[in-house]
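Q: Given the structure of chain A, go ahead and fit chain B onto it with the hints provided.
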Amino acid sequence: MSDIAVERSEPIALKARLNEDWLALVIGLLVFAASLFSIAGTDLLGWAVTTSVYTDVTTALSPIAKAYAGLGGGGALIATYAALVIVLSLGVTTLGADARKFAIAFTAVFALAYASWILGSYAHIAAVTPAEQQKFGISWSLKLTNEGGFVVALLAGLIIANFFPRLAEWLKEAIRPELYIKIAIVILGATVAVTAAARLNLASSLLLRGAAAIVEAYLIYWSIIYYISRKWFGFSREWSVPLASGISICGVAAAIATGGAIRARPAVPVLVSSLVVIFAVIEILILPFLAQTFLWQEPLVAGAWIGLAIKTDGAAVAGGGITESLIMAKAAAEGIHYQPGWILATTTTVKIFIDIFIGIWAFILGYIWTNHIDKGPDRAKPSEIWQRFPKFILGFIFVFAVSLWLAVGSTPEIAKALPAAAGEANVFRVIFFILTFFSIGVLSDFRKLWQQGFGKLAAVYFVSLFGFVIWVGLLISWLFFSGFKPPLAS
Amino acid sequence: MSQPDLRNELATAEVEPLLPIEKKLIGWSLGLGIVLLVVLISLNHFVPIKI
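Chains as they are written, first to last, in the numbering used here: chain A, 1 to 490; chain B, 1 to 51.
Just chain A, with the same shape it has in the complex (with noise of 0.2 Å):
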């Protein structure tokens, strides 16, 4: 986390926040009805720059419709980064920040971020099967699949903050993972939505696995993180609390509203925040590629295991996207063809569901601290739920909502115009995926794990992590999902 947010009292800290989800909303809300145009037959986003994998560079881009195939690779990319400079730098104005600064460092943030894409679709990084091997005319892979390239980008990210500081610092303005994540989520709704219609007794089953992992993270993870925390390493109170939830519900938003609903000091959520971060990172770089080998015939275990594993928004949702890559490009190679989606779907849902119930819990806690722990006139009141609900989790529904609807409640023209639209919008999802891993990448400065007392704080957070978190989430993941396949591709 940035100094910035460090000397920000709580109230602030929870109205920006509050900000960004809404300003995420409004974007993700945005994308979407754009994406609807096409519909109608009016085709509003079909400049956005997609990537293939590749040999020769000068074919990685293209337009993502062929009506605008005109613009070439090069024209979509820079139609692409104007759009998202535009509307970005505007929206950050909402947030306090000054657009001109944002601009400047977006686009560093877009060419670095973008770039790193472009590497990882490579096809001696992305080709997976022997097929496409031969098709590239190439010996070797590293079988990453195209989305490897969201590895590149966290690589890269991860590179400018441990060898290159003042780049880092530099490029803060546009380091926002928290609001490129909940854009992206909000924009997910339609894919999953799209997914979810082609079997809604499959779908609407995630939703009881859903109920499980809030379960889970709330009342199992939470409460033996605090013990541990409170009893093994000797935390105060007001350590433990954000500690815990940072750990076990949803690493930055837990740890913020937890620790202001027991008015801790704004400090501590923050540096704890930092702490997830950086173990999110080590862990998207380990438990994909651990759920490729392991997991490749159970896929729903892996995305719930990735959405019950990992423990931010962004980190979760991205690292359920890789992991549905590898495990597809595996079963692929086996010759089994699933329908895409349905991992990072589960992985969604499972975040999103623990995700809900922060301002609750935050709410429970406030009330017992400012009742029984540490009394005093500023009491927690039940208006605090509302306050501190995700709000972009409303987009995300909404989208949800109206796209589960075109796909099954409209008519079949509708129906069928619709995944081309999805998909569209998808673009820019993915895209959103690229600057939420590279700036996860950027602020995550290893070195702050090897600071004296910061190296407590991390003590506790590996040892619950490794010692219980990530196991009882597969064996729970396990209990719900082992048999279960996404539905075959057609």
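There's no promise every hint is true.
Simulated DEER-style distance windows between Cβ atoms [unchecked claim]:
hint, chain 1, residue 1, chain 2, residue 2, range
1, B, Ser42, A, Phe462, 29 to 35 Å
2, A, Arg379, B, Pro17, 23 to 29 Å
3, B, Leu43, A, Thr42, 45 to 51 Å
List time: in silico PhoX-like cross-link candidates among lysine-lysine, alpha-carbon distance up to 20 Å [what the hints assert, rightly or not]:
hint, chain 1, residue 1, chain 2, residue 2
4, A, Lys66, A, Lys416
5, B, Lys24, A, Lys101
6, B, Lys24, A, Lys375
7, A, Lys231, B, Lys23
Please keep in mind that the hints were generated in silico from the structure rather than gathered at the bench. The C-beta atom is built at its ideal place from N, Cα and C for all residues, glycine as well.
A: Chain B alone, transformed into the frame defined by chain A:
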């Protein structure tokens, strides 16, 4: 809060024993969580995913 302050604070902080309300919070959360999980697992067993 700067890093030296963090180090100093964590090194010199007084140990706060667990209060009865904290023990109740931990106990009730864990107990309720395990019970609910058993219920959900049972529900999952009797209402399996249909494709």
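Q: Which of the numbered hints are not met once you compare them with the structure shown?
A: Hint 5 contradicted; others consistent.
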